[in-house]
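Chains as they are written, first to last, in the numbering used here: chain A, 41 to 341; chain B, 614 to 1008.
In short, the hints are calculated from the structure, not lab data. Where a beta carbon is used, it is the ideal one built from N, C-alpha and C, also for glycine. Honestly, I wouldn't trust all of these hints.
Claimed, not checked - A short, non-exhaustive set of chain A residues, derived as facing chain B with CB atoms under 10 Å:
#1 N95
#2 L98
#3 L99
What the hints assert, rightly or not - As a list, the in silico BS3-like pairs of lysine-lysine whose alpha-carbon atoms are at most 30 Å apart:
#4 K969/B / K895/B
#5 K762/B / K788/B
#6 K694/B / K909/B
#7 K788/B / K694/B
#8 K762/B / K749/B
#9 K762/B / K178/A
#10 K107/A / K718/B
#11 K718/B / K111/A
#12 K718/B / K694/B
#13 K178/A / K883/B
#14 K749/B / K769/B
#15 K883/B / K895/B
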Amino acid sequence: MTAAADRLDPGAGRSSDPRRGTFFLLSIPAVVGLALFLILPILFMVALSFRADLNGTLLAPFDPTLKQYDKLFATGSYWNLLGISTLIAFGVATIATLLAYPLAYFLAFRAGTRAGLYLILLLVPFWTSYLLRVMAWKLMLGEAGVINSVLLATGLIQHPLEALLYNRFSVVVTLVYVWIPFAMLPILAAMGRIDTRLHEAAADLYASPWQQLRRITLPLSLPGVIAAFFMVFIPTVGEYVTPLLVGGTGGTMYGNIVQAFFVQAANWPLGAALSVIMLLATLVLVIIGIRIVQPRRLLGQ
Amino acid sequence: MQPRQARSAWRGFVGIVSIAFIAAACGNTGAASPTAGVASEPPSATATPVITDTPPDQVTGSLSVLDWPGYDDPNFWIDFKNTYKNVNVSFEFGSTDAEIYGHMKGGSQADIFHPYTGWLQFYVDEGMAAEIDTSKLKNWDKVPDSFKKIGQINGKQYFVPWDWGFSSILYRTDKIPNVDSWNVLMDPQYRGHLSMWDDGPGAVTVSAYIHGYDETNITADQLAAIKAEWTAQAPLNKTYWSAPADLESLMNSGEVWAGYAWQGSFAVTKGAGTPVAYANPKEGRNSWIGVYGIRKDSPNYDLALKFLDAKLGLLTGQNLVNLYYYGTTNQDVMNGLSDPAQAAAYGGADTQALLKNTFSIDDPTILQHTNFTPNLTADQRDAWTAMWTEVKASQ
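Next comes chain A alone, as it looks inside the complex (with noise of 0.2 Å):
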């Protein structure tokens, strides 16, 4: 691609180029915001993670110690948890995007004209209130919520299952739910760059549409469906508000963790040597991700 963009604008990219100056100056807001906003929060946090204890003022200067992570290293069941958190994660990423690939696929190849009504009415949910969803599940897995009552009436049932809210169970559909309309974003905009001529060629040359699917379509979204897992494990990895909710005793993830120690522990430094530790690990397993994956070759460079 770059070797196109050079024989239209040879200059393009180049030291020389003129127009380096208004793309820096451009980006001038962008970048102080991000590093006002999430750069420094994030040091100021590694800073707050070799603090003692919360004595004296919040910016005040204080002897660095490792005692925090004296402490995490100490206690299994948080390595335990953040385990499991991960587990967690990696599943209801492979399972959003899983079910996000046939509505990607049918938004792209199959809705023809009206795939713009179809995606606002896919979209149209989650411009509610992210806690309003969560409830909304309280309110279908509880023992007196929907589910239990079509199942009750029905007779298939004599008892309310209670085994369908506070627990893991109830993490993982909830947080399926919520993320699959985001999952599907990076799939439909990868398979709407597929060039649908293909499919036509191979359809002249006998290829069955399962075919076309393996061959075609499957292989140039991939690089759509890698960007969807990723989008919905980084961020499921701390995830606390719907373990909170719907998790029960048994469904914490680390995030909730953390957040005890922010508040209702009034203990920021270990907290904060917490996230620290959140954030190398999510790290380290996308860069494993990536490597396995090899995006650049799925791109064809």
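Chain A is already provided as a structure; the job is to place chain B on it using the hints.
Only chain B this time, still in chain A's reference frame:
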């Protein structure tokens, strides 16, 4: 900022005028409160101050209050609102004691904050609370001595106690016939039908009551035993609750049969028609008291004092009892619950009876077998909350 002398003169004027007005207001409601030694004319409906100065409804200024969600309801500071109509009161919120402590630590500019017993020591030790000048509180004599003591740290009055209540077991009488011990929370036969409050120090106190530990001196071995106990208890819960409404809806629907609860939940579920009872465990109920403090170096100290004084007012106290089913430290309000002539102020005779039941007012021995929450040290706070977090992480 006015120069020092002008400020003390100003304080003097406003102090005397406000005392005169509050004395007049108290005289109107018929409450038996003596005018606090100010030589003005006897209170009457059209009392005018002897010293001409800014009347309360012309006092301007602003106050910022750090409070729990829901307490910004004007009903809970109605006496101040009615007297100081032109003072602008704004609210910041924290929904746990730790959050409020975090706000104050983080440099909140709120003039007034609302912690609860257990969390008071740190504010004084870390220099965040100003001493309360109780001579300026007109309603101070309505507060019983035992409550006044709760607000004293290191021998000085740093906090004004305002709301109080019990913690005990709330249980459905149709599912569990009788609960007489905190141990019911650990009972495996009620698996999936219990609900504990999501709070580390709360869990430690329950264990201390059950096993007879000294709450002020929990050893490391005892803490380890407590942690094991609650780790085993965790699967028995339907879920933990962090806001009373969570517990109340679970109780009403019958999913939870017994739970750690504040007495407000008892009144709400009983009022909803659910067959519930509020236990009197043999180890004793727990009682907590909410207090208001003034931030050290707040520029609105005097106005804040007036706010706190108005908080102890009659209407405010009645609203607290009627709307939240919490006790108030204004003894006139609590005594009014036993006075049939005042039934109208409490929503009628039936509600008055329900409230009396909630506060165990008819039981003269209730205070003897109630355990009051002692103040935590910073180490205890850190150790107990870390213990609870580990319990949650081990599931």
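Inset, instruction - Give me the numbers of the hints this structure contradicts, sorted from smallest to largest. - result: Hints 5, 7 and 9 not satisfied by this model.
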